[in-house]
Amino acid sequence: MAQYAVFMFERVPPEELPAEVMQAHMDMPEKVTALGGRIVAGMAFEDVGTTTAIRGDELTDGPFLETKEVLGGLFIIEARDLDHALALAKLTPIVEGGVEVRPLLDFQVL
Amino acid sequence: MLAATVRVTRDLDAAEEVVQDAYVQALERWARDGVPAKPGAWLTTVARRLALNRLARAKTLATKLPLLLDAPEAEADPLPDDRLRLVFTCCHPALSREAQVALTLRLVCGVATPDVAHAFLVPEATMAARITRAKKKIARARIPYAIPAQEDLPARLDAALSVVYLLYTTGHTAPAGDALVRDELTTRALDLARMLRALLPAAREAAGLLALLLVHEARRETRTDASGRLLRLAEQDRGRWDRALIGEADALIVGALRSAPPGRYVLQAAIAALHAQAPSVAETDWPQILVLYDALLRVWPSAVVALNRAVALAEVEGPDAGLAAVDALEGLDGYRYLHSTRADFLRRLGRHAEADAAYAAALALAENIAERAFLAVELADGA
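Protein chains in written order, with the numbering used here: chain A, 1 to 110; chain B, 1001 to 1383.
Do not take every clue at face value.
Unchecked claim - Computed list of lysine to aspartate or glutamate pairs in EDC-like fashion (alpha-carbon distance at most 16 Å, straight line):
(1) B:1137 with A:81
(2) B:1136 with B:1013
(3) A:31 with A:78
(4) B:1136 with B:1333
(5) B:1137 with B:1183
(6) A:31 with A:47
(7) B:1135 with B:1013
(8) A:90 with A:27
(9) A:90 with A:15
(10) B:1135 with B:1098
(11) B:1137 with A:15
(12) B:1136 with B:1242
(13) A:90 with B:1152
(14) B:1137 with B:1013
(15) B:1135 with B:1333
(16) B:1136 with A:78
(17) A:90 with B:1151
(18) B:1137 with A:83
Calculated from the structure, these hints are not laboratory results.
Note that this is a predicted model, so its numbers are computed, not measured.
All chains should be built: construct the whole structure from the sequences, respecting the hints.
What follows is the structure in structure tokens.
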């Protein structure tokens, strides 16, 4: 099966997620398995303010983004094809924002 | 043939190459042994075998092939389902609308890339890059070559129908350039609409779209005069409308209207058919058209539909009702037909100075030469 990254964009930082959204995250692996996919890994990012940026040799304290949504975390999932991946990604609980699905290159095959 | 081969290779570029190779083999073999009884089937079989060979080679090279396919099936006529798969792949919502249209023309209709570029008035390199990007996304994101699942079908079919509709409207009134109609686009769109209708006989909106295109097609010849000047509905020679096409559309519409609330294409087709059936503009069933526009506005709440409804309203209740409806519209200031419609209402109300200003506004927004000429004459007539 092919692997896809599911990026979660949120306005709400992870520690402020409503209880039912947290619970939905806990339930997600089981639901994905039931639909014939698999979650390889899932992780949430710390607050965007904790970012350190590297550009060439320069270190700065962050991307200074003023965006309405920030990347809050990601899942790595396995799915048959894009439609299957999209169906699985739609299970991702999001308070306000959305997800993006992006295929991953499998370097073991290359 | 390309569609059948793509199903084996799962790779558009490889499929195109394999099909080319099959033609080369055909030229050699047919010259020697004569043309077979079913040349199309012969080519499809050879292309499929070449594709399978190619895959077998690739398999021994790589320990694991990422897009491993199902076991080759028994030889059967692979065409209808495969073409449908190809249409849905090209019209997948993960692709941009312009990529959907370009890919459909290129891969389903077999139009060469320079001709696709020409039809959309972009440089060939731009179109080639657009098509390459889209093909890459199909391969790398693994957009499936599949007819969507039952629950996804309505939404996916809608994308496919929009592409065909867009193709036809782009050909019907070219956005710029000297000719009003681009026959190559309208012909392709009509072929595709017929195909979707044939492949999905239960889909009423597919029937509606085909009916809509048929009515437009029936009137196409009369939309301009010998010199290429745009003719209004009232000026068109109704005797030259193609009655056979209109009859075919009527049958489709009657069938599609029979059950459940009709959708956008069925309603548009029904409106177009009422125009086509009327012996003259004055004898058109405007009250019925207004009812259909009200229904259309419910399923497709768009300002452009509201503008067209205003035209019907003006015929039923008079130009001041039409003008009031047009002036209530928002967000259409950049749309040339808004200004030309207002201009027409204003002239009928005897407000000539305002009418001229509105015609001038429409002229400033029109880029097609036939349309510009039409508006220039209207402006001169009013003066």
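Tested hints:
1. B:1137 with A:81: holds, 12 Å
2. B:1136 with B:1013: holds, 10 Å
3. A:31 with A:78: holds, 13 Å
4. B:1136 with B:1333: With Cα atoms ~38 Å apart, residue 1136 of chain B and residue 1333 of chain B exceed 16 Å; violated.
5. B:1137 with B:1183: violated, 30 Å
6. A:31 with A:47: Judged against 16 Å, a Cα distance of about 27 Å means the pair is violated.
7. B:1135 with B:1013: holds, 8 Å
8. A:90 with A:27: holds, 14 Å
9. A:90 with A:15: This hinted pair is violated, its Cα atoms lying about 22 Å apart.
10. B:1135 with B:1098: holds, 13 Å
11. B:1137 with A:15: Outside the cut-off at roughly 35 Å; violated.
12. B:1136 with B:1242: At roughly 43 Å apart (the allowed maximum being 16 Å), residue 1242 of chain B and residue 1136 of chain B break the hint.
13. A:90 with B:1152: Holds. Residue 90 of chain A to residue 1152 of chain B sits at ~14 Å (cutoff 16 Å).
14. B:1137 with B:1013: Holds, at about 13 Å.
15. B:1135 with B:1333: violated, 37 Å
16. B:1136 with A:78: violated, 20 Å
17. A:90 with B:1151: The given pair, whose Cα atoms are some 15 Å apart, holds under the 16 Å limit.
18. B:1137 with A:83: holds, 13 Å
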